[in-house]
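Asks: Quick note, the sequences are listed as chains X and E, same order.
Using our numbering, read the first sequence as starting at 350 and increasing by one per residue.
Using our numbering, read the second sequence as starting at 350 and increasing by one per residue.
Quick caveat, the hints were computed from the structure, so don't treat them as lab data.
Everything numeric in this text was worked out from a predicted model, so none of it was measured.
The beta carbon of each residue, even a glycine, is placed where N, CA and C say it ideally should be.
Nothing false has been slipped in among the hints.
Per label pair, the in silico range of CB-to-CB distance: (1) Asn479(E) to Phe508(X): 44 to 54 Å; (2) Ile382(X) to Ser432(E): 52 to 62 Å; (3) Ile386(X) to Ile382(E): 34 to 44 Å; (4) Met430(X) to Thr360(E): 39 to 49 Å; (5) Ala393(E) to Ile386(X): 35 to 45 Å; (6) Lys388(X) to Asn395(E): 27 to 37 Å.
Calculated from the model, a selection of chain E residues having no Cβ within reach of chain X, i.e. all distances over 10 Å: (7) Gly394; (8) Ile427; (9) Ser480.
No farther apart than 16 Å at their CA atoms in a straight line, the calculated lysine to aspartate or glutamate pairs in the EDC-like style are these: (10) Lys398(X) to Asp387(X); (11) Lys388(X) to Asp401(X); (12) Lys398(E) to Asp470(X); (13) Lys398(X) to Asp470(E).
Number of protein chains: 2
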Amino acid sequence: MDSSSKPSSSTVSRTALVLLRLLTFVFLLIALILIAIDKQSDDAGNQIKFTDAYAYRYMISTIVIGFAYNLLQMGLSIFSMVSGNRALNGDGGYLFDFFGDKIISYLLLSGSAAGFGFTIDLRRGDSSINSFTEKANASASLLLFGFLFTAIASTFTSFALPKKP
Amino acid sequence: MDSSSKPSSSTVSRTALVLLRLLTFVFLLIALILIAIDKQSDDAGNQIKFTDAYAYRYMISTIVIGFAYNLLQMGLSIFSMVSGNRALNGDGGYLFDFFGDKIISYLLLSGSAAGFGFTIDLRRGDSSINSFTEKANASASLLLFGFLFTAIASTFTSFALPKKP
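Put together the whole structure using the sequences plus the hints.
Replies: See below:
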């Protein structure tokens with residue numbers, strides 16, 4: 350918006366935002382791969398994979414949506430760095446960042462919590478599928494880190510909100 | 350902070366905040382009662398209750414913490430209405446509201462998602478405990494509404510943040 354020449358606190362927090370989004374992106378990518386390739390045969394010879402549990406299907410949906418959002422945000426950041434101004438001008442950009450980060454952070458947390466809520470008790474019930482639930486747990490943990498980075502980004506974009514008159 | 354005499358937009362949003370916290374409080378109270386009294390004997394005669402699942406134990410913890418936070422916030426609101434000024438003066442009050450609402454809304458959502466993540470798949474596996482899982486589902490739904498109210502309150506308190514210089 351304003352064209353100050355010295356590296357201000359807004360430039361610092363914008364760089365921090367890009368880093369946080371890059372970290373979220375990487376963690377979500379690994380979480381996606383982990384849960385997508387997670388399959389195992391149990392004692393009875395039945396193959397189980399993530400599509401067998403609603404909790405894991407929901408988890409993978411939240412990962413994909415979070416992944417797409419972070420890709421979009423990084424694209425917008427690169428565009429604004431190259432062109433020198435924000436892709437969304439005026440208050441619209443700040444509102445998009447604020448609500449985007451807020452909603453996506455809620456989404457990622459709900460996916461991770463649903464995955465953990467299902468896996469933790471599943472592991473106590475059936476120890477024959479430990480390798481399956483361990484990979485699912487790892488995926489939910491990475492998703493939780495993705496949430497944490499997005500929650501920090503959401504704090505930045507909350508403070509960047511334009512003050513109401 | 351400033352003592353404007355006419356009912357400003359800040360007064361309106363403060364009233365909305367109190368209403369949202371009252372709604373959250375009521376929903377969490379019902380959710381707490383529902384999950385706490387939820388017990389049933391299965392076909393084998395074993396009694397199951399919420400303490401048998403980590404997901405439900407986590408859920409009840411988030412309800413209790415959210416309940417305590419909303420009680421505190423309503424107490425502070427009543428104090429500020431009676432005394433005419435905020436209990437926490439300066440920017441501290443706004444920061445407390447902002448981070449409080451943000452963290453508690455994340456907590457409530459994670460509790461609800463963990464409960465749902467466990468219950469949805471439990472219901473598919475064992476139909477003999479339908480009454481048990483239905484009450485747990487109802488409790489998780491009420492908790493989700495509590496989260497929604499807190500998330501809206503969190504949006505209000507984000508916009509009320511003091512603008513950095």
